[in-house]
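With the hints as extra help, turn the sequences into a complete structure.
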Amino acid sequence: MIRAIVADDHVMFRQGLLNMLKGADDIDVVADCGDGHEALELIRRYVPDVAVLDVSMPKLDGISVARQVARELPETRVVILSMHDDPEMLERATAAKVYGFVSKDDAFEELLDTIRVVHCMNAIDTIRGPTARKVVLTERELQVLRLIATGCTNRMVAADLEISIKTVDSHRTNLMNKLEIHSTAELVRHAIKSGII
3 MIRAIVADDH VMFRQGLLNM LKGADDIDVV ADCGDGHEAL ELIRRYVPDV AVLDVSMPKL
63 DGISVARQVA RELPETRVVI LSMHDDPEML ERATAAKVYG FVSKDDAFEE LLDTIRVVHC
123 MNAIDTIRGP TARKVVLTER ELQVLRLIAT GCTNRMVAAD LEISIKTVDS HRTNLMNKLE
183 IHSTAELVRH AIKSGII
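The letter at position 75 of the sequence shown is residue 77 when you use the numbering used here, and the numbering goes up by one with no holes.
These are calculated hints, taken from the structure and not from any lab test.
This structure is a prediction, so every number in the text was calculated from the model and none was measured.
Incorrect hints may appear among the rest.
What the hints assert, rightly or not - For lysine-lysine, the following DSSO-like pairs were computed, each having C-alpha atoms within a straight-line distance of at most 30 Å: (1) K61 - K168; (2) K195 - K168; (3) K24 - K180; (4) K106 - K168; (5) K106 - K24; (6) K61 - K180; (7) K24 - K195; (8) K106 - K61; (9) K168 - K99; (10) K180 - K99; (11) K180 - K195; (12) K61 - K195; (13) K99 - K61.
As the list claims (entries may be wrong) - Listed next, with one range per pair, are the computed distances between beta-carbon atoms: (14) K61 - G153: 18 to 28 Å; (15) M14 - I198: 18 to 28 Å; (16) G153 - N21: 40 to 50 Å.
Virtual Cβ for every residue (Gly too), placed ideally from N, Cα, C.
Here it is in C-alpha coordinates:
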(Lines of atoms letter the chains of each structure in order from A and count residues from 1; the text may use other names and numbers.)
(Lines give C-alpha, C1' and ligand atoms only; values in the text may rest on other atoms or scores of the structure.)
Protein backbone atom coordinates (compact mmCIF):
# COMPACT_ATOMS: atom_id res chain seq x y z
CA MET A 1 0.00 0.00 0.00
CA ILE A 2 1.35 3.44 -0.98
CA ARG A 3 0.89 5.97 1.84
CA ALA A 4 0.32 9.44 0.43
CA ILE A 5 -0.33 13.02 1.50
CA VAL A 6 -2.12 15.53 -0.75
CA ALA A 7 -1.68 19.31 -0.43
CA ASP A 8 -3.52 21.82 -2.63
CA ASP A 9 -5.04 25.15 -1.63
CA HIS A 10 -7.94 24.82 -4.09
CA VAL A 11 -10.51 23.01 -1.95
CA MET A 12 -12.73 21.72 -4.78
CA PHE A 13 -9.74 20.41 -6.74
CA ARG A 14 -8.29 18.75 -3.64
CA GLN A 15 -11.61 17.12 -2.72
CA GLY A 16 -12.00 15.82 -6.27
CA LEU A 17 -8.48 14.43 -6.18
CA LEU A 18 -9.10 12.74 -2.82
CA ASN A 19 -12.31 11.15 -4.10
CA MET A 20 -10.51 9.74 -7.14
CA LEU A 21 -7.55 8.49 -5.11
CA LYS A 22 -9.96 6.63 -2.80
CA GLY A 23 -10.83 4.49 -5.82
CA ALA A 24 -7.23 3.27 -6.12
CA ASP A 25 -6.81 0.01 -4.17
CA ASP A 26 -3.06 0.50 -3.71
CA ILE A 27 -3.04 4.12 -2.45
CA ASP A 28 -3.95 5.26 1.07
CA VAL A 29 -4.19 9.04 1.58
CA VAL A 30 -3.22 9.46 5.23
CA ALA A 31 -3.72 13.25 5.35
CA ASP A 32 -4.49 16.31 3.25
CA CYS A 33 -4.22 20.06 3.67
CA GLY A 34 -4.33 23.40 1.87
CA ASP A 35 -1.02 25.16 2.56
CA GLY A 36 2.68 24.42 2.34
CA HIS A 37 3.50 24.92 6.02
CA GLU A 38 0.86 22.39 7.10
CA ALA A 39 2.00 20.03 4.33
CA LEU A 40 5.53 20.03 5.74
CA GLU A 41 4.22 19.37 9.26
CA LEU A 42 2.05 16.48 8.03
CA ILE A 43 4.95 14.98 6.07
CA ARG A 44 7.13 15.14 9.19
CA ARG A 45 4.37 13.51 11.25
CA TYR A 46 3.32 10.73 8.87
CA VAL A 47 6.48 10.25 6.73
CA PRO A 48 4.43 9.13 3.70
CA ASP A 49 5.85 7.24 0.73
CA VAL A 50 4.67 9.97 -1.64
CA ALA A 51 3.64 13.61 -1.11
CA VAL A 52 1.52 15.16 -3.87
CA LEU A 53 1.97 18.94 -3.63
CA ASP A 54 0.52 21.87 -5.55
CA VAL A 55 3.34 24.10 -6.72
CA SER A 56 1.56 27.33 -5.63
CA MET A 57 0.30 27.28 -2.04
CA PRO A 58 0.00 29.85 0.76
CA LYS A 59 2.76 30.16 3.39
CA LEU A 60 5.20 27.85 1.58
CA ASP A 61 5.18 26.80 -2.08
CA GLY A 62 5.37 23.15 -3.15
CA ILE A 63 8.95 23.34 -4.41
CA SER A 64 10.18 24.86 -1.13
CA VAL A 65 8.42 22.05 0.74
CA ALA A 66 10.05 19.50 -1.60
CA ARG A 67 13.50 20.98 -0.94
CA GLN A 68 12.98 20.70 2.82
CA VAL A 69 11.63 17.15 2.52
CA ALA A 70 14.66 16.08 0.45
CA ARG A 71 16.92 17.30 3.29
CA GLU A 72 14.94 15.91 6.22
CA LEU A 73 13.01 12.91 4.89
CA PRO A 74 14.59 11.60 1.68
CA GLU A 75 12.46 8.45 1.90
CA THR A 76 9.40 10.57 1.02
CA ARG A 77 9.13 11.18 -2.73
CA VAL A 78 7.52 14.44 -3.87
CA VAL A 79 5.24 14.79 -6.89
CA ILE A 80 4.44 18.36 -7.93
CA LEU A 81 1.10 19.41 -9.43
CA SER A 82 0.91 22.60 -11.45
CA MET A 83 -1.06 24.55 -14.03
CA HIS A 84 2.21 26.06 -15.25
CA ASP A 85 5.42 24.36 -16.36
CA ASP A 86 7.71 27.14 -17.52
CA PRO A 87 11.39 26.16 -17.83
CA GLU A 88 12.47 28.15 -14.76
CA MET A 89 9.95 26.38 -12.54
CA LEU A 90 10.90 22.96 -13.94
CA GLU A 91 14.54 23.78 -13.23
CA ARG A 92 13.68 24.71 -9.63
CA ALA A 93 11.71 21.47 -9.25
CA THR A 94 14.65 19.41 -10.53
CA ALA A 95 17.07 21.20 -8.18
CA ALA A 96 14.71 20.52 -5.25
CA LYS A 97 14.86 16.77 -6.01
CA VAL A 98 11.22 16.53 -7.05
CA TYR A 99 10.62 12.99 -8.34
CA GLY A 100 7.53 13.63 -10.43
CA PHE A 101 5.81 16.53 -12.14
CA VAL A 102 2.21 16.35 -13.35
CA SER A 103 0.31 19.08 -15.15
CA LYS A 104 -3.22 19.71 -13.89
CA ASP A 105 -4.22 19.51 -17.56
CA ASP A 106 -3.22 15.83 -17.62
CA ALA A 107 -5.68 12.98 -17.15
CA PHE A 108 -6.06 11.65 -13.59
CA GLU A 109 -4.51 8.34 -14.72
CA GLU A 110 -1.26 10.24 -15.37
CA LEU A 111 -1.08 11.21 -11.70
CA LEU A 112 -1.88 7.66 -10.57
CA ASP A 113 0.83 6.33 -12.86
CA THR A 114 3.35 8.86 -11.56
CA ILE A 115 2.58 8.09 -7.90
CA ARG A 116 3.08 4.36 -8.52
CA VAL A 117 6.31 4.80 -10.48
CA VAL A 118 7.77 7.25 -7.97
CA HIS A 119 6.96 4.82 -5.16
CA CYS A 120 8.76 2.01 -7.01
CA MET A 121 11.86 4.18 -7.09
CA ASN A 122 12.36 3.39 -3.40
CA ALA A 123 13.49 -0.09 -4.48
CA ILE A 124 17.22 -0.81 -4.46
CA ASP A 125 18.80 -2.55 -7.41
CA THR A 126 22.28 -4.05 -7.67
CA ILE A 127 22.74 -3.67 -11.42
CA ARG A 128 25.33 -0.88 -10.98
CA GLY A 129 26.46 -1.54 -7.44
CA PRO A 130 24.78 -1.86 -4.05
CA THR A 131 23.39 1.68 -3.85
CA ALA A 132 22.00 2.10 -7.36
CA ARG A 133 18.28 2.87 -7.58
CA LYS A 134 15.97 0.74 -9.63
CA VAL A 135 14.42 3.16 -12.12
CA VAL A 136 11.03 2.23 -13.51
CA LEU A 137 9.80 4.14 -16.56
CA THR A 138 6.19 4.15 -17.67
CA GLU A 139 5.28 3.10 -21.20
CA ARG A 140 4.52 6.74 -22.04
CA GLU A 141 7.88 7.89 -20.68
CA LEU A 142 9.63 5.27 -22.81
CA GLN A 143 7.74 6.56 -25.88
CA VAL A 144 8.77 10.14 -25.09
CA LEU A 145 12.39 9.13 -24.43
CA ARG A 146 12.54 7.16 -27.68
CA LEU A 147 11.27 10.15 -29.70
CA ILE A 148 13.54 12.67 -27.96
CA ALA A 149 16.52 10.38 -28.53
CA THR A 150 15.76 10.24 -32.27
CA GLY A 151 15.95 14.03 -32.49
CA CYS A 152 12.30 15.05 -32.12
CA THR A 153 11.50 18.45 -30.60
CA ASN A 154 8.87 18.74 -27.86
CA ARG A 155 6.39 19.97 -30.48
CA MET A 156 7.11 16.95 -32.69
CA VAL A 157 6.76 14.54 -29.75
CA ALA A 158 3.46 16.18 -28.79
CA ALA A 159 2.13 15.83 -32.34
CA ASP A 160 3.30 12.23 -32.67
CA LEU A 161 1.77 11.09 -29.36
CA GLU A 162 -1.25 13.42 -29.60
CA ILE A 163 -0.55 15.04 -26.22
CA SER A 164 0.11 18.66 -25.23
CA ILE A 165 3.58 20.25 -25.31
CA LYS A 166 3.10 20.89 -21.56
CA THR A 167 2.68 17.16 -21.01
CA VAL A 168 5.83 16.42 -23.03
CA ASP A 169 7.73 18.92 -20.84
CA SER A 170 6.40 17.15 -17.75
CA HIS A 171 7.53 13.75 -19.04
CA ARG A 172 10.96 15.17 -19.91
CA THR A 173 11.34 16.54 -16.36
CA ASN A 174 10.21 13.23 -14.83
CA LEU A 175 12.71 11.34 -17.02
CA MET A 176 15.60 13.59 -16.01
CA ASN A 177 14.74 13.28 -12.32
CA LYS A 178 14.33 9.51 -12.41
CA LEU A 179 17.49 8.94 -14.43
CA GLU A 180 19.41 11.64 -12.51
CA ILE A 181 20.58 13.34 -15.69
CA HIS A 182 20.48 17.00 -16.63
CA SER A 183 20.52 17.45 -20.40
CA THR A 184 18.97 16.20 -23.62
CA ALA A 185 22.37 14.89 -24.71
CA GLU A 186 22.50 12.68 -21.61
CA LEU A 187 18.96 11.45 -22.33
CA VAL A 188 20.09 10.42 -25.80
CA ARG A 189 23.17 8.65 -24.42
CA HIS A 190 21.02 6.80 -21.88
CA ALA A 191 18.56 5.71 -24.59
CA ILE A 192 21.39 4.36 -26.76
CA LYS A 193 23.17 2.64 -23.85
CA SER A 194 19.90 1.04 -22.67
CA GLY A 195 18.97 -0.19 -26.14
CA ILE A 196 15.83 1.97 -26.22
CA ILE A 197 16.78 3.14 -29.73
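request  = Provide an ascending list of the numbers of those earlier hints which the structure does not satisfy.
outcome  = 7, 12, 14 and 15
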